[in-house]
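Engineer: Make the full structure from the sequences, and use the hints.
Residue 646, in our numbering, is where the sequence shown stops; the numbers in between run on with no holes.
These are computed hints drawn from the structure, not numbers from a lab.
Since the model is a prediction, treat every value here as computed from it, not as a measurement.
Here a beta-carbon is modelled for each residue, glycine too, at the ideal position from N, C-alpha and C.
Each hint should be verified, as a subset may be incorrect.
To be verified - Label-pair restraints from in silico Cβ distances: (1) 534 to 625: 19 to 29 Å; (2) 237 to 399: 31 to 41 Å; (3) 298 to 523: 26 to 36 Å; (4) 478 to 399: 29 to 39 Å; (5) 268 to 45: 26 to 36 Å; (6) 515 to 291: 28 to 38 Å.
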Amino acid sequence: MPVTKPDALPRVKKLDPNDRILALIGNPNVGKSTLFNALTGLRQHTGNWAGKTVALAQGRFVYDGCGYVVADLPGTYSLCSRSEEERVATEYLRAGRADCVVVMCDATCLARSLTLALQVLLVCREVVLCVNLMDEAQKRNLQIDCAKLEGLLGVPVVPMAAGRAEGLETLKQRVRGVIEGEEPLPPGGAQPDDETDECAICRQVTRAAQLADAVTQSQPSAADARQRRADRVLTGWGGWLALAAMLFGVLWLTIRGANVPSQLLQRAFAALGAALRRGAAACGLPEWLTGALVDGVFGTVGQVVAVMLPPVAIFFPLFTLLEDVGYLPRLAFLTDRCFQCCGACGKQALTTCMGFGCNAAGVAGCRIIDSPRERLIGILTNSFVPCNGRFPALIALACMLAGENVALAAAILTGAVALGVGMSLLASLLLSRTALRGVPSAFALELPPFRMPKVGQVLLRSLLDRTLHVLLRALAVAAPAGLVIWCFANIRPGGVPLLGAAAALLEPVGAFLGMNGALLLAFFLALPANELVLPLAAMILTGGGALTGDAPVTAALAACGWTARQTLCTMVFFVLHCPCSTTLLTVRRETGSIKWMLLAALLPLAAGVILCGSLNAVL
28 MPVTKPDALP
38 RVKKLDPNDR
48 ILALIGNPNV
58 GKSTLFNALT
68 GLRQHTGNWA
78 GKTVALAQGR
88 FVYDGCGYVV
98 ADLPGTYSLC
108 SRSEEERVAT
118 EYLRAGRADC
128 VVVMCDATCL
138 ARSLTLALQV
148 LLVCREVVLC
158 VNLMDEAQKR
168 NLQIDCAKLE
178 GLLGVPVVPM
188 AAGRAEGLET
198 LKQRVRGVIE
208 GEEPLPPGGA
218 QPDDETDECA
228 ICRQVTRAAQ
238 LADAVTQSQP
248 SAADARQRRA
258 DRVLTGWGGW
268 LALAAMLFGV
278 LWLTIRGANV
288 PSQLLQRAFA
298 ALGAALRRGA
308 AACGLPEWLT
318 GALVDGVFGT
328 VGQVVAVMLP
338 PVAIFFPLFT
348 LLEDVGYLPR
358 LAFLTDRCFQ
368 CCGACGKQAL
378 TTCMGFGCNA
388 AGVAGCRIID
398 SPRERLIGIL
408 TNSFVPCNGR
418 FPALIALACM
428 LAGENVALAA
438 AILTGAVALG
448 VGMSLLASLL
458 LSRTALRGVP
468 SAFALELPPF
478 RMPKVGQVLL
488 RSLLDRTLHV
498 LLRALAVAAP
508 AGLVIWCFAN
518 IRPGGVPLLG
528 AAAALLEPVG
538 AFLGMNGALL
548 LAFFLALPAN
558 ELVLPLAAMI
568 LTGGGALTGD
578 APVTAALAAC
588 GWTARQTLCT
598 MVFFVLHCPC
608 STTLLTVRRE
618 TGSIKWMLLA
628 ALLPLAAGVI
638 LCGSLNAVL
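Structural biologist: Next comes the structure, spelled out in structure tokens:
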């Protein structure tokens, strides 16, 4: 295994020179991040599927007057470095920078977890073994003799249920004892080079299985039988029906629940905008400054909040509930064959799911894909999936097609999502056959047990960690963009606004795509935030100088004699067009190449032009 220079290793910052470093390591989905949060009080995102932690995270806590810096290492199944997660964890442990290493084990899959523990013991002596998920083991009629396991391994063993903070104080005591030399240490040392070969790994796996059998007593449980039956359905042909029903249900709830709060927010921001105008007039501000600040900046910000917040605040909690229940790994298992046939990695299913929330997050999440070739495919094709910024507009367009029929609108929206996923698979296939040829790699994917989600924590986490994060990011871009757009809307050489003149120039291209010049111009001007497309289109079509809501957009389109064919083409182009600037900058950061960033922008745009042009010609 290549040796990494010390300067290239992750660094843990100490607030106090006397702080001790505590490293957390374990298989994906064993509860490392949950324990990290319990120890440090931080709110690092945790989820019920593998691959969440792809970089080193750190926090701090104080116990018995001494500070401890906790380093949450990436989840790994082995120290025999083959993936980015394994490399980071292995190199950090080999550097000997941790004063104590806590190895997290899954009580429900003890043999697999002990394989990693045995490898860690060959590298480090200051080790505490934490057997987590003891509550889940009890539900499955599994009895773990932790005292016997401690005697067999020669290291402290602490039973825990990290989600309930059970065993947390005992863990802190045993960690302090190891660091202070109060706990016996096993014989150990640096792992020899030949311990990474296949024979050594087989010996470790065999010993781990023997240890697990020696300390575990089990009885068949009804919960195990129910989970096996559910897994057979969700990972077989029935899983596709479950996927369609789940997607339809989530979108139906999003559409049904978002309309009323969105209208209320639009009215509230309109009233507040009018009050701000009166206040500006009372202060004697010039009209141009009032228009720029109120109609431009505030109008844009208010529009983004009103249109974006309600569906996102509904979609993200529902998505997080599915994540916590344990459905997403089954989804990855179900779709793995599809991605493999397209020359991509099955882990791309997970990053695709992340893209529904935010394409930039999906692009960053591609770090969990081991193969550089497959990682690049995932990065370049993630923006085919409609993100939260596009959902409000897609909902408005679907309602235009369906009228008052919410079920039909949800079905149309489901079709739009299926189109995005299908085009992502097609683009992956084309890339794997052309610019990014290669053989698909294999990967290990854990199917965690189904768990009852903690609804309160899910709601809090999804609103704080996801909804507000995405909203604030959008507002940071929307505010300056609104100022610039207002200027172009209110600069009228020859009595014609610059936006109107530009829309007229784009009219032939817009007509070819089944839309018009105003909508096409709105797509390009909304590069900072997809939420601005429909409000910008309404501004251009009505000749106004400020952004308006989705209802005026539909009214403006209807006044232009808008047809169902044009609405359908607009929906297709909304799914397949250039991603937002945040996503493109994330692609640039992840790939380190402007070339790949431009390709990530051109791929969906080219697909949208071809498909919309074809639909417009056929329909």
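Engineer: All the hints need checking, so say for each whether the structure fits it.
Structural biologist: Quick rundown of the hints versus the structure:
{"no.": "1", "hint": "534 to 625: 19 to 29 Å", "verdict": "holds (27 Å)"}
{"no.": "2", "hint": "237 to 399: 31 to 41 Å", "verdict": "holds (38 Å)"}
{"no.": "3", "hint": "298 to 523: 26 to 36 Å", "verdict": "holds (32 Å)"}
{"no.": "4", "hint": "478 to 399: 29 to 39 Å", "verdict": "holds (34 Å)"}
{"no.": "5", "hint": "268 to 45: 26 to 36 Å", "verdict": "violated (59 Å)"}
{"no.": "6", "hint": "515 to 291: 28 to 38 Å", "verdict": "holds (30 Å)"}
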